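Colleague: Fit chain B to the known structure of chain A by using the hints.
There are 2 protein chains.
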Amino acid sequence: MKQFTFILCLFIFLNTFGQSDADVMEKIYSTALNKGKSYEWLDYLSNQIGGRLSGSLNAERAVEYTKAELDLLGLDKVWLQPVMVPRWVRGAPEYAYIETAPGKTTTVNICALGGSIATPGGGVKANIIEVKSIEEVSQLGRAAIEGKIVFFNRPMQADLIHTFEAYGGCVDQRGSGAKEAAKYGAVGVIVRSMNLRLDDFPHTGGMSYGDLPSSQYIPAAAISTNDAELLSNMLQLDKNIKFFFRQNCQQLKDVQSYNVIGEITGSEFPNEYIIVGGHLDSWDLGDGAHDDGAGCVQSMEVLRLLKETGIKPKRSIRVVLFMNEENGLRGGKKYAEVAKQKGERHIFALESDSGGFTPRGFSFDCSDAVFNKVLGWRSLFKPYLIHYFEKGGSGADIGPLKDENIVLAGLRPDSQRYFDYHHASNDTFDAVNKRELELGAATMTSLVYLFDKYGTTTISNTETIKD
Amino acid sequence: MKQFTFILCLFIFLNTFGQSDADVMEKIYSTALNKGKSYEWLDYLSNQIGGRLSGSLNAERAVEYTKAELDLLGLDKVWLQPVMVPRWVRGAPEYAYIETAPGKTTTVNICALGGSIATPGGGVKANIIEVKSIEEVSQLGRAAIEGKIVFFNRPMQADLIHTFEAYGGCVDQRGSGAKEAAKYGAVGVIVRSMNLRLDDFPHTGGMSYGDLPSSQYIPAAAISTNDAELLSNMLQLDKNIKFFFRQNCQQLKDVQSYNVIGEITGSEFPNEYIIVGGHLDSWDLGDGAHDDGAGCVQSMEVLRLLKETGIKPKRSIRVVLFMNEENGLRGGKKYAEVAKQKGERHIFALESDSGGFTPRGFSFDCSDAVFNKVLGWRSLFKPYLIHYFEKGGSGADIGPLKDENIVLAGLRPDSQRYFDYHHASNDTFDAVNKRELELGAATMTSLVYLFDKYGTTTISNTETIKD
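So the protein sequences, as listed, match chains A and B.
If you use UniProt numbering, the first sequence corresponds to residues 1 to 467, in order.
If you use UniProt numbering, the second sequence corresponds to residues 1 to 467, in order.
Next comes chain A alone, as it looks inside the complex:
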């Protein structure tokens, strides 16, 4: 009888309190894959709303939609955090051609870079000079550059396995090309799209004139990789060809917008915060499905999965959908500013902003001690083929939270196809696979679950290892 009672008690204990971390994670993954919501949310964000550039009507519709969806989840709190955002508008579609002789033209695919000024109403037509870097512009100097359009054509490096490294090695052309070329009298800038494959989509993205006086601003546009190759080949045949482009984008006044926030309040340490997020704004050309609709719906799904699987977090878990990552980071800065004002103790922040592809793991911005603790959890992720645990950057929006107390992390999905879609008109819902998206959400939820359970102090590490 005694033995029976013991077994009964053990049975009840194991079923009530004794779920192993592996069991919990199995439940998280299976719920995400069998009864996920993220794909349905992404469908709406992409196909019913579409591109959500800061300050646009679509961005406001996305705020309303995601708040309403969070309201339905039965969280403890859902609110909008006001933030003023810049408003840049593209205007009418851009137009560009290469002119080899008067009247002999070839149309090419371009798009204005975000933040660029318009060309004069009639467009700009000038000789065009190809360079591979910003340094080359200063080496060539005013004699070679003045009165010309500068064509930045350094491709992303194909043999870097981490495509974000290839992006990092090229994006200065887009970000600072116009500012630097303007100093030498250029009249416009055309930048090869940040795209690893050859296709016809121009990829937009942020650029800045820095501290240049506004009288010296010159218009800047991206050209598709196929047309960059074409232009380069034509320039090799004839240095005197001309390039024409016309765009009528403009920077308007800042407008009111919002970060969208939902919270499950912690049962033991309600004043310790864990946040998970993505950015709700996107560029305007596509539907922002991968960048970063995916990260938003995955972050929303983290809180929904916690509730759905019956996990009651000890700490307060927030989903934050940041506004204006693409051209200002105002949402990320505002969230950190308010958190600081309120003295909220944030212990962990996780961002998903690398596309909705099959998750491979995470990169962590934290101390070695915490990182070693995380490595103790690694084997739990093995059944889900999550293998990448490295120290590194996290995400732009959560960056402003950085201090010595917080652990920052970024979801790292497979990155091979990301730049096929990034900031281009093909970043649409059909480019996202349901399972890949859901696996990302489950992987994020699992990490949030572990950080909530074990915290970020390194003493309790042994608790985990025994699992």
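Careful: at least some of the hints might be erroneous.
Since the list gives no way to pick one copy over another, a pair counts as held whenever it fits inside one copy or between any two copies.
[As the list claims (entries may be wrong)] Using 20 Å as the maximum straight-line C-alpha spacing, the simulated EDC-like pairs for lysine to aspartate or glutamate come out as follows: (1) 37 <-> 199; (2) 239 <-> 172; (3) 37 <-> 159; (4) 35 <-> 199.
Since the hints were made in silico from the structure, they are not lab data.
All values derive from a computational prediction rather than experimental measurement.
Modeller: Here is chain B on its own, set in the frame of chain A:
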């Protein structure tokens, strides 16, 4: 002076013979990503040739094309290995509808299963009964089944991370559903497509009547997952709805075809063979881009990359493009039969037949001792995010080579999207990403390089570990 001579000698040695395995692999990956040929070959196979069902004109064109391309690579030998293959033809497009009342019909998307017989010329119309398994058919028995069409509707299990496991758990419905249902007097079989997502594509694939007398054969077709859901819902409303389908496929006589083989003859052990391959035939609905155009061009690329990077293999390395994996495996059987007849000592065979997606690693069918040796190479693959090294199956075509002396392996790419395209009309070139395909080829080449250098005996393991 002595010291200088020593340093000079060391320098020459390191540059000539002393490339570390890591250096060689870096060169392999960088060549694959910067100057790869696999994508161009796949473009031709998919877009200029298309679906390559055994015995079809397209299959013969694929034999000619790939042989001609191998001839251009400057290999030591290229030849065709004759093999007789079955020839099944689909005929005119299939047609099917659900009839809820006389004249009230809803068209649905089906395709005949490979190997199925035709319906009578006017089609089959009958009541339809939904089952979830073959066992359910025998439980229901003749009274419930006779005169009806049996609808096998067990979906692939979404929460299996390895999608091939989900496929394995379902494909008996396609392979044996007709054979079993016929025993109880069914007049036809409709099988839910082996597809993890909901869409409109029916997915074909092999089926067999086993030892059933041909007089009892019944026609079998696959239905798209969307239409399987529709049909199931309609059956819940009314068990008496009818289903109609018409198909006029047929099995013709066997015809002559070929495996396509190319070889770099080994410099030290020419009589030890390493083979790498995929299958050249495909189903007829799409262009066989992932299944298995990708595996073929990756395997061709392995030999090209070995030459391009200046690796002179010690052992003989063969690429084998097998004919007739999909509906007979005749090519795989023939290759093994001839190898045995000639007494060729095959030490390692690698197949790529899981799609051209980002490679994650390999599964190995080998002894524990060899597997431990392979695990010693694992760290070399880490920079390329190749992490999956497990014991398991290899590939259908290389299976017949199995004996105690050979190590078999299969490339394991990310499998999440594979069944979106498998055996369906959307298995086309645009579904394959260039970088993902090339990374697979480089990963295969690296493993072939290591097996060639270190062999499969387990004594030389230490050679590797020092790298």
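Colleague: Within a copy, between copies, both or neither: where do residue 37 and residue 159 come within 20 Å Cα-Cα?
Modeller: between (36 Å within a copy, 15 Å between copies)
Colleague: Can you tell me if residue 35 and residue 199 fall within 20 Å by alpha carbon in one copy, between copies, both or neither?
Modeller: Between. Shortest inter-copy distance 18 Å satisfies the 20 Å Cα cut-off; intra-copy 36 Å does not.
Colleague: Should residue 239 paired with residue 172 be assigned to within, between, both, or neither, using CA atoms and 20 Å as the limit?
Modeller: neither (25 Å within a copy, 65 Å between copies)
Colleague: With identical chains, the pair residue 37 and residue 199 could be close in the same copy or across copies; at 20 Å between alpha carbons, which is it: within, between, both, or neither?
Modeller: So residue 37 and residue 199 pass the 20 Å test across copies only (18 Å; inside, 33 Å).
In summary, the one numbered hint that this structure violates is 2.
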